[in-house]
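Given the sequences, and given the hints that come with them, work out the whole structure.
For reference, the chains in residue letters:
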Amino acid sequence: MNTTTTQNEWPLWEVFVRSKAGLDHKHCGSLHAPDAQGAIQLARDVYTRRQEGTSIWVVRSDQIVASDPGDKDMYFDPMEDKVYRHPTFYQLPKSVDHM
Amino acid sequence: MYTQAMDVGPKEERKTVRTVEEAELERRFDEKIDAGDFIEAKDWMPEHYRKTLVRQISQHAHSEIVGMLPEGNWITRAPTLKRKAILLAKVQDEGGHGLYLYAAAETLGTSRDQLLDALHSGKAKYSSIFNYPTLTWADIGTIGWLVDGAAIMNQVPLCRCSYAPYARAMIRICREESFHQRQGFDSLLVMMQHGTPEQKAMVQDAVNRWWWPSLMMFGPPDTESTHSAQSMRWGIKRISNDDLRQKFVDATVEQAKVLGVSLPDPLLKWNEERQHYDFGPIDWSEFWRVVGGDGPCNRERLAARVKAWDDGAWVREAALAHARKQATKEQAA
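Chains A and B, in that order, give the protein sequences. Residues 0 to 98 (numbering that gives the first Met the number 0) are what the first sequence spells out, left to right. Residues 0 to 332 (numbering that gives the first Met the number 0) are what the second sequence spells out, left to right.
Accuracy of the hints is not assured; some may be wrong.
According to the in silico footprint, chain B covers these stretches of chain A (three or more CB under 8 Å from chain B) [as the list claims (entries may be wrong)]: (1) 8-18; (2) 29-37.
Far from chain A, by Cβ distances over 12 Å, these chain B residues were calculated [to be verified]: (3) H47; (4) R111; (5) W211; (6) S239; (7) W287; (8) G292.
Keep in mind the hints are simulated off the structure, nothing from the lab. By construction, the Cβ of each residue, glycine as well, lies at the ideal position given by its N, Cα and C atoms.
Shown next as structure tokens:
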């Protein structure tokens, strides 16, 4: 048996699929592939066996920059007390409430 | 397909010495679990939670991949083009399920190669149901009906698993799994309704052989299940082995009547008081023997996986070399 090291491992790609025209691409999982073209091909076989998509994006996982989950509270909680940003904050007379 | 093997790994000792900071992190983690929140890949989690998940998800992934072997055995000998196309699609699905699950396991910080090494070296387990042989065409329909049926029972609660990448993979898998069970039942129904006496006998023989191993797929009895309590606490597992097994028996007895086959258990009987079917004792010594490596096909299955991996090495290397060459060319241009 070969001893395997991560150097021989195909790089990891994140896969995004647009399920139909008019909708946005949505993250649906990841896979290993040697290059971009290979990633698109494998993504078709792994993630769209039942016409789940009309378009695929792939991006190298190590190229994704993400917010730090440790900063979650600091980043997102300040929006909590800004209820006036939502339409439901405003009580209007019944006759115009559907605006 | 599914692994019961999550319950059969060695029991690891929990680390008891923790820093104050770790204890606080764990308290917040427990709070999230209690509130029914999901845990994402980059969130803090106890080391034991991570280990448990890597073991369970990778064993589940291995089961999907090894599970391709018994069914793949019949692709070239399917009785009609229609059945061959269906079987090809199903086996391809199992491969896909394995890949979703490996990807989910990798989010926990274990590489694909490490996961595969664990399988190939025999360190990791896979569902022991795949160590039984597929002797006749009726085995293929029976696997769909019973084995995938048991898998679905097991897997639906996993869609609510606290670890989000696993739960998402399971939602995708469950959506596809229903086809697996239905095609199996359909194939058996055709043989039972339109088949020759020999074909009907073949179906009954397959059901006789797969019934008990299917019941074992739910894992050891609750009283002997080593990881159950902690997994329940963490929301990795939602329903106990015995409860799922009972649910499966209740559903399957009715289906067997429609099919016109008997189930090989003289003690199988409706219990009016419990509102469930009673069934006979399971031979757990057989289960442990097969888990331990001594089933009818253990060596053959593992050897086939190792051979496929080794034979594919030059393809993996060539694809990487090609990708590097293209990248260099692009840079030069």
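Subject >> Coverage criterion applied to the stretch 8-18 of chain A (partner chain B; beta-carbon cut 8 Å; 3 residues) >> reply: Result for this restraint: holds, n = 3.
**OP:** Verify that the Cβ of W211 (chain B) lies farther than 12 Å from every Cβ atom of chain A, and report whether the claim holds or is violated.
**Re:** holds (33 Å)
Subject >> Beyond 12 Å from every chain A Cβ - status for S239 (chain B) >> reply: holds (30 Å)
Original post:
Just checking, R111 (chain B) versus chain A, shortest CB gap more than 12 Å?
Top reply: violated (6 Å)
Subject >> Check on H47 (chain B) being off the interface with chain A, judged by Cβ distance over 12 Å >> reply: holds (20 Å)
**OP:** Against chain A, does W287 (chain B) hold up as non-interface, every C-beta pair farther apart than 12 Å?
**Re:** holds (26 Å)
**OP:** Confirm or reject the coverage of the stretch 29-37 of chain A by chain B under the rule of 3 or more residues with a beta carbon closer than 8 Å to the chain's beta carbons.
**Re:** Coverage by chain B holds for the stretch 29-37 of chain A (6 residues, Cβ < 8 Å).
**OP:** Mind verifying the non-interface call on G292 (chain B)? Its CB should be farther than 12 Å from each CB in chain A.
**Re:** About 17 Å separates G292 (chain B) from the closest Cβ of chain A, which puts it past 12 Å; holds.
Violation of the numbered hints given earlier is confined to hint 4; every other hint is satisfied by the structure.
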